[in-house]
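Guided by the hints, dock chain B onto chain A, whose structure is given.
So the chains spell out like this:
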Amino acid sequence: MDIQFSREKNITVASVKGRIDATTAPEFERTFAGVMDSGEKVFLFDFDGVEYISSAGLRIILAAAKRLNTIEGKIAFAALHGPVKDVFRISGFGAIFNIYETRDEALADIS
Amino acid sequence: MKITLPARMESLQEATRFVLSHARAENLPGGRMTDIELGLEEALVNIFQYAYPEGGGEVEISCRIDEGRKFIIEISDAGIPFDVLSVAEPDLSLALEDRQIGGLGVLLIRKLMDDVTYRRERNRNVLTLTVIKTPS
Numbered sequence: 011m012d013i014q015f016s017r018e019k020n021i022t023v024a025s026v027k028g029r030i031d032a033t034t035a036p037e038f039e040r041t042f043a044g045v046m047d048s049g050e051k052v053f054l055f056d057f058d059g060v061e062y063i064s065s066a067g068l069r070i071i072l073a074a075a076k077r078l079n080t081i082e083g084k085i086a087f088a089a090l091h092g093p094v095k096d097v098f099r100i101s102g103f104g105a106i107f108n109i110y111e112t113r114d115e116a117l118a119d120i121s
Numbered sequence: 137m138k139i140t141l142p143a144r145m146e147s148l149q150e151a152t153r154f155v156l157s158h159a160r161a162e163n164l165p166g167g168r169m170t171d172i173e174l175g176l177e178e179a180l181v182n183i184f185q186y187a188y189p190e191g192g193g194e195v196e197i198s199c200r201i202d203e204g205r206k207f208i209i210e211i212s213d214a215g216i217p218f219d220v221l222s223v224a225e226p227d228l229s230l231a232l233e234d235r236q237i238g239g240l241g242v243l244l245i246r247k248l249m250d251d252v253t254y255r256r257e258r259n260r261n262v263l264t265l266t267v268i269k270t271p272s
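Residue numbers (this note's numbering), protein chains in the order written: chain A, 11 to 121; chain B, 137 to 272.
Simulated from the structure, these hints should not be mistaken for laboratory data. Mixed in with the good hints, there may be bad ones.
[As the list claims (entries may be wrong)] Computed cross-link-like contacts, DMTMM-like style, restricted to lysine to aspartate or glutamate with a CA-CA straight-line distance of at most 20 Å:
id: 1; chain 1: A; residue 1: K84; chain 2: B; residue 2: E233
id: 2; chain 1: A; residue 1: K76; chain 2: A; residue 2: E50
id: 3; chain 1: B; residue 1: K247; chain 2: A; residue 2: E61
id: 4; chain 1: A; residue 1: K76; chain 2: B; residue 2: E233
id: 5; chain 1: A; residue 1: K76; chain 2: B; residue 2: D234
id: 6; chain 1: A; residue 1: K51; chain 2: A; residue 2: E18
id: 7; chain 1: A; residue 1: K95; chain 2: B; residue 2: E173
id: 8; chain 1: A; residue 1: K84; chain 2: B; residue 2: D234
id: 9; chain 1: A; residue 1: K51; chain 2: B; residue 2: E233
id: 10; chain 1: B; residue 1: K247; chain 2: A; residue 2: D96
id: 11; chain 1: A; residue 1: K76; chain 2: B; residue 2: D227
id: 12; chain 1: A; residue 1: K27; chain 2: B; residue 2: E173
Quick caveat, the model's predicted, so the values are computed rather than measured.
Here chain A stands alone, though its shape is the one from the complex (with noise of 0.2 Å):
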């Protein structure tokens, strides 16, 4: 798994590649939470490149969306493909998070 930080405006869009599985989901969770220590709270996630994510991924997602809740601040995803898309329908997450086709559309509408 690879994760890369950029700004774009106000909003922090983590672009992330390969699998969120239990064997790399502290990895995810140790850097995403150094990014949310430094103060940012309106992150676009880029899931073009992730082609695998387990509930390992999910708990870490919820658990910061929670936390980002209560600073009024949020989360939102693009670019889910295949067996990640199914694993957010099946979880319920199309209903508490927006999801967005392209990363460009969410930008547009998140700004």
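Below, chain B alone, put in the same frame as chain A:
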């Protein structure tokens, strides 16, 4: 076709390789490979985290085909009795602030597998995950 591995996170990759190689050999469609991988990961991670509170312990995984069309993964451990299917499903209708963090792993197992059964047998937990090969 059976493999025995230490019940710890480092075994996940080898377990996945073992099961997927059998699934491929049985010509399961590519679309079901990720279902199998997810079902297996969720089941194993539960065992790794909770089955052996004292540490150590092993997990045994076997794969077989039943009735020519059911790909069956049997996962067993000698840990504390635990039926993963007894875990309540999270309420997905709740707002973010009320959503519980846990329970999604079991939900994924239930939704992605065609059948899941648990039994306690000779002091072992035995979880059976079934994926049905659709007629080609």
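Okay, the hints, checked on the actual structure:
1. For the proposed pair K84 of chain A and E233 of chain B, the alpha carbon gap of about 12 Å is at most 20 Å, so the pair holds.
2. Note on K76 of chain A and E50 of chain A: the hinted pairing holds, with a Cα-Cα distance of about 14 Å set against a maximum of 20 Å.
3. Note on K247 of chain B and E61 of chain A: the hinted pairing holds, with a Cα-Cα distance of about 19 Å set against a maximum of 20 Å.
4. Using a Cα cut-off of 20 Å, the hinted pair K76 of chain A and E233 of chain B holds, with the two alpha carbons roughly 6 Å apart.
5. Only pairs whose Cα atoms come within 20 Å are accepted, and K76 of chain A paired with D234 of chain B is accepted, the gap being roughly 9 Å.
6. Annotation: proposed proximity of K51 of chain A to E18 of chain A holds, straight-line Cα distance about 13 Å (limit 20 Å).
7. Between K95 of chain A and E173 of chain B the alpha-carbon distance is near 15 Å, which keeps this suggested pair within the 20 Å criterion.
8. Distance check on the hinted pair: K84 of chain A and D234 of chain B sit about 16 Å apart at the alpha-carbon level, within 20 Å; holds.
9. Proposed proximity of K51 of chain A and E233 of chain B is supported: the alpha carbons are some 16 Å apart, at most 20 Å.
10. The suggested pairing of K247 of chain B with D96 of chain A holds, with an alpha-carbon distance near 10 Å, which does not exceed 20 Å.
11. Taking the CA atoms of K76 of chain A and D227 of chain B, the gap is about 16 Å. The hint holds against a cut of 20 Å.
12. With a C-alpha separation of about 18 Å, the suggested pair K27 of chain A and E173 of chain B falls inside the 20 Å cut-off, and the hint holds.
Every hint from the earlier list agrees with this structure, and none is contradicted.
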